[in-house]
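*Asks:* Single-letter residue listing:
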Amino acid sequence: EPEVTQTPSHQVTQMGQEVILRCVPISNHLYFYWYRQILGQKVEFLVSFYNNEISEKSEIFDDQFSVERPDGSNFTLKIRSTKLEDSAMYFCASSEIGQGKGGYTFGSGTRLTVV
Amino acid sequence: AQSVTQLDSHVSVSEGTPVLLRCNYSSSYSPSLFWYVQHPNKGLQLLLKYTSAATLVKGINGFEAEFKKSETSFHLTKPSAHMSDAAEYFCVVSDSRTGFQKLVFGTGTRLLVSP
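So the protein sequences, as listed, match chains P and W. Sequential numbering of the first sequence, starting at -5, is according to my numbering. Sequential numbering of the second sequence, starting at 3, is according to my numbering.
Read the hints as simulated data drawn from the structure, not as lab findings. If you're wondering where the values come from, they're calculated on a predicted model, not measured in any experiment. Any given hint could turn out to be false.
[Said to hold, decoys possible] Here are the computed lysine-lysine pairs in the BS3-like style, where the Cα-Cα straight-line distance is at most 30 Å:
| # | chain 1 | residue 1 | chain 2 | residue 2 |
| --- | --- | --- | --- | --- |
| 1 | W | 51 | W | 71 |
| 2 | W | 44 | P | 72 |
| 3 | P | 72 | P | 51 |
| 4 | P | 36 | W | 51 |
| 5 | W | 70 | W | 60 |
| 6 | W | 70 | P | 36 |
| 7 | P | 77 | P | 36 |
| 8 | W | 60 | W | 71 |
| 9 | P | 51 | P | 36 |
| 10 | W | 44 | P | 77 |
| 11 | P | 51 | W | 44 |
| 12 | P | 36 | W | 71 |
| 13 | P | 51 | W | 51 |
| 14 | P | 77 | P | 51 |
| 15 | W | 60 | W | 44 |
| 16 | W | 44 | P | 36 |
| 17 | W | 51 | W | 70 |
| 18 | P | 36 | W | 60 |
| 19 | P | 72 | P | 36 |
Only chain P is shown next, with the shape it has when bound in the complex (with noise of 0.2 Å):
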């Protein structure tokens, strides 16, 4: 069964660096997504991504943040100048179609700790 791939599996940062998570979509995916999920809170939208342009984004995705398709494959988000309460579980989503009816396939999260 095709999978939503992501790297690394845990990331520890200090505070003020930048971290690149990365992401290997399903391949027959148009549709990218980033949620996340600090500990004991519930999972967030963040973003999603369409045709190589940002589709919607939510209130926490700020200038901090950005996301990129850099080639056929991969999709990145960038989060500049890591704050602690970033720490949190990242996910990346792919899905098919983009409108209503469809799931995503998730991947297995990226643990980022800010330090």
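Put chain W on the given structure of chain P with help from the hints.
*Replies:* Using the frame of chain P, we list chain W on its own:
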């Protein structure tokens, strides 16, 4: 705005007994609803989805859920729990107002299964 409420943060059952995980939704239009499961240190796996077809939805691993519009509920059930069912379960509603799918998660229910 779309939202879901998971009524129990923890549910404990014995192996072989029925499972009921409760979810109520709030939606201004006909929603798409999902249940996802998260095993420890794993990603989010789609269990089942409701997309305005049959109101009783069957998913993987013997789980099913019934969409009840009059009660705005989408409870997850399983006739007989297995030890391997112990995990975190998320009720999710799809918000497609912008034309792009965004998932809104509940707070999760941790299912504990005892021998």
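*Asks:* Hinted pair, alpha-carbon criterion (30 Å max): residue 44 (chain W), residue 77 (chain P). Please report holds or violated.
*Replies:* holds, 25 Å
*Asks:* Please work out if residue 77 (chain P) and residue 51 (chain P) have their alpha carbons no farther apart than 30 Å.
*Replies:* This hinted pair holds, its Cα atoms lying about 20 Å apart.
*Asks:* With the threshold set at 30 Å, check whether the alpha-carbon distance from residue 36 (chain P) to residue 60 (chain W) stays at or below it.
*Replies:* At roughly 25 Å apart (the allowed maximum being 30 Å), residue 60 (chain W) and residue 36 (chain P) satisfy the hint.
*Asks:* Is the Cα-Cα distance between residue 70 (chain W) and residue 36 (chain P) 30 Å or less?
*Replies:* Holds, because 24 Å separates the two Cα atoms, which is no more than 30 Å.
*Asks:* Between residue 44 (chain W) and residue 36 (chain P), is the straight-line Cα distance small enough, at 30 Å or below?
*Replies:* Holds, because 16 Å separates the two Cα atoms, which is no more than 30 Å.
*Asks:* Is the straight-line distance between the alpha-carbon of residue 60 (chain W) and that of residue 71 (chain W) 30 Å or less?
*Replies:* holds, 17 Å
*Asks:* Next pair to validate is residue 36 (chain P) with residue 71 (chain W); report whether the Cα-Cα distance is within 30 Å.
*Replies:* holds, 24 Å
*Asks:* Please verify whether residue 51 (chain P) and residue 44 (chain W) have alpha carbons no more than 30 Å apart.
*Replies:* holds, 25 Å
*Asks:* Between residue 70 (chain W) and residue 60 (chain W), does the CA-CA distance stay at or below 30 Å?
*Replies:* holds, 15 Å
*Asks:* Between residue 51 (chain W) and residue 71 (chain W), is the straight-line Cα distance small enough, at 30 Å or below?
*Replies:* Distance ~15 Å between residue 51 (chain W) and residue 71 (chain W) Cα, so the pair holds.
*Asks:* For residue 51 (chain P) and residue 51 (chain W), compute the direct alpha-carbon distance and say whether it is at most 30 Å.
*Replies:* Distance of about 24 Å is within 30 Å: holds.
*Asks:* Taking 30 Å as the top limit, are the C-alpha atoms of residue 77 (chain P) and residue 36 (chain P) close enough?
*Replies:* holds, 19 Å
Of the hints listed earlier, there is not a single one the structure fails to meet.
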